[in-house]
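Student: Construct all of the structure, not just a fragment, from the sequences and the given hints.
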Amino acid sequence: MAKIQARNVDDALFARIEQSAMKNERSLEGEIRIALREYYQPVVQAGPAMSDRERWQHETGKRLKWLFNRLMADNYFREFAGARPPDTFDLVRFGRQLDTSPGVLMDIMEGRQELSFTLADTIARNFDASADWLLGESGQPFPFVRLGSAGYREFFFPVGSTGDHTFEFLRIAGGRHDGTLIILRQDIQTKRVTPGVVTESFYLRSGMGSGGYGNLKRFLLFLKTEGARLSINTYDWTPEHPDFDFWTVIGQHHHVYFQDSPRRSSARWLQQVLNGEDPGEWFQGGWTPILKEVAAATGPDTASGHTDHQDE
Numbered sequence: 001m002a003k004i005q006a007r008n009v010d011d012a013l014f015a016r017i018e019q020s021a022m023k024n025e026r027s028l029e030g031e032i033r034i035a036l037r038e039y040y041q042p043v044v045q046a047g048p049a050m051s052d053r054e055r056w057q058h059e060t061g062k063r064l065k066w067l068f069n070r071l072m073a074d075n076y077f078r079e080f081a082g083a084r085p086p087d088t089f090d091l092v093r094f095g096r097q098l099d100t101s102p103g104v105l106m107d108i109m110e111g112r113q114e115l116s117f118t119l120a121d122t123i124a125r126n127f128d129a130s131a132d133w134l135l136g137e138s139g140q141p142f143p144f145v146r147l148g149s150a151g152y153r154e155f156f157f158p159v160g161s162t163g164d165h166t167f168e169f170l171r172i173a174g175g176r177h178d179g180t181l182i183i184l185r186q187d188i189q190t191k192r193v194t195p196g197v198v199t200e201s202f203y204l205r206s207g208m209g210s211g212g213y214g215n216l217k218r219f220l221l222f223l224k225t226e227g228a229r230l231s232i233n234t235y236d237w238t239p240e241h242p243d244f245d246f247w248t249v250i251g252q253h254h255h256v257y258f259q260d261s262p263r264r265s266s267a268r269w270l271q272q273v274l275n276g277e278d279p280g281e282w283f284q285g286g287w288t289p290i291l292k293e294v295a296a297a298t299g300p301d302t303a304s305g306h307t308d309h310q311d312e
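Those letters in the sequence shown? Residues 1 to 312, by full-length UniProt numbering.
No lab work stands behind these hints: they were computed from the structure.
Incorrect hints may appear among the rest.
Cut-off 35 Å, straight-line C-alpha distance, at most; resulting in silico cross-link-like pairs (DSBU-like, lysine-lysine) [as the list claims (entries may be wrong)]:
(1) Lys217 to Lys292
(2) Lys62 to Lys23
(3) Lys191 to Lys62
(4) Lys65 to Lys191
Remember, predicted model here, so these are calculated numbers, not experimental data.
Tutor: Structural data, given as structure tokens:
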């Protein structure tokens, strides 16, 4: 091995080398060898840059893998074992549902094959997901409708729909988002579920101002009149973490996450309010006249389609 000799090293540099060697309990030669090794790192040859197509293909594969992981984490198959990472058998089940080979799904997830528009639409249709998000990371993985102070009719009576729908009302119970209303609309014929959420118009709790109570009254009157025949089941939904970040949950989970029985429980708050009863001092502070007005309102007939659901 060739030897390297250094002559005429200035005293200040030699003192620093000597001090570092003493600190690390090494000889001068050992200290110099380690310093040279760290300074002269081998040059790593970068691989060929990916083309735009290859980059898109890999990113799409990562999104598909994320989607399958999230479906399993949300216990999509409703298994007794609960949430778990997907395995090959799960990909076979996904493939059967999508009428495609699990090998094709594996190739797409690993970036070796592109995700076609047709398969993206099939995935979206089967798993209530977003094809646009899968193909280009636009929007949310699981789309939802943001319900404002108006536009309820469009959500409860969708234009162009020829079938009937059932609705699940989930009131977040406790924590930072207490009283927020999540609605799951299911088309009876296609079984497709469309989530909706009321985030700003009103809350199902006390402490709102006149604007919030006014919006809540209009919503309840809509349900009591135009929506009198709707099939609605009501629940309280308890979040896993009371102070969760809202937008890391809404639009980021399949609807089975909200239907998981350990998190939700049957509730009668909607029927109570429509009958003029206060479920939990929501209308304290002078807002009880709203209850009387809602109770007095009538729909097309006196029979109501609103039901109380008991979890199996």
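Student: Would you mind marking each hint as holding or not holding in the structure?
Tutor: Hint-by-hint comparison with the structure:
1. With a C-alpha separation of about 11 Å, the suggested pair Lys217 and Lys292 falls inside the 35 Å cut-off, and the hint holds.
2. Annotation: proposed proximity of Lys62 to Lys23 is violated, straight-line Cα distance about 47 Å (limit 35 Å).
3. For the given pair, Lys191 sits about 27 Å from Lys62 by alpha-carbon distance, which is consistent with the 35 Å threshold.
4. Under the criterion of a C-alpha separation no larger than 35 Å, the hint pairing Lys65 with Lys191 is consistent with the structure, at around 24 Å.
In this structure, only the earlier hint numbered 2 is contradicted, and the remaining ones agree with it.
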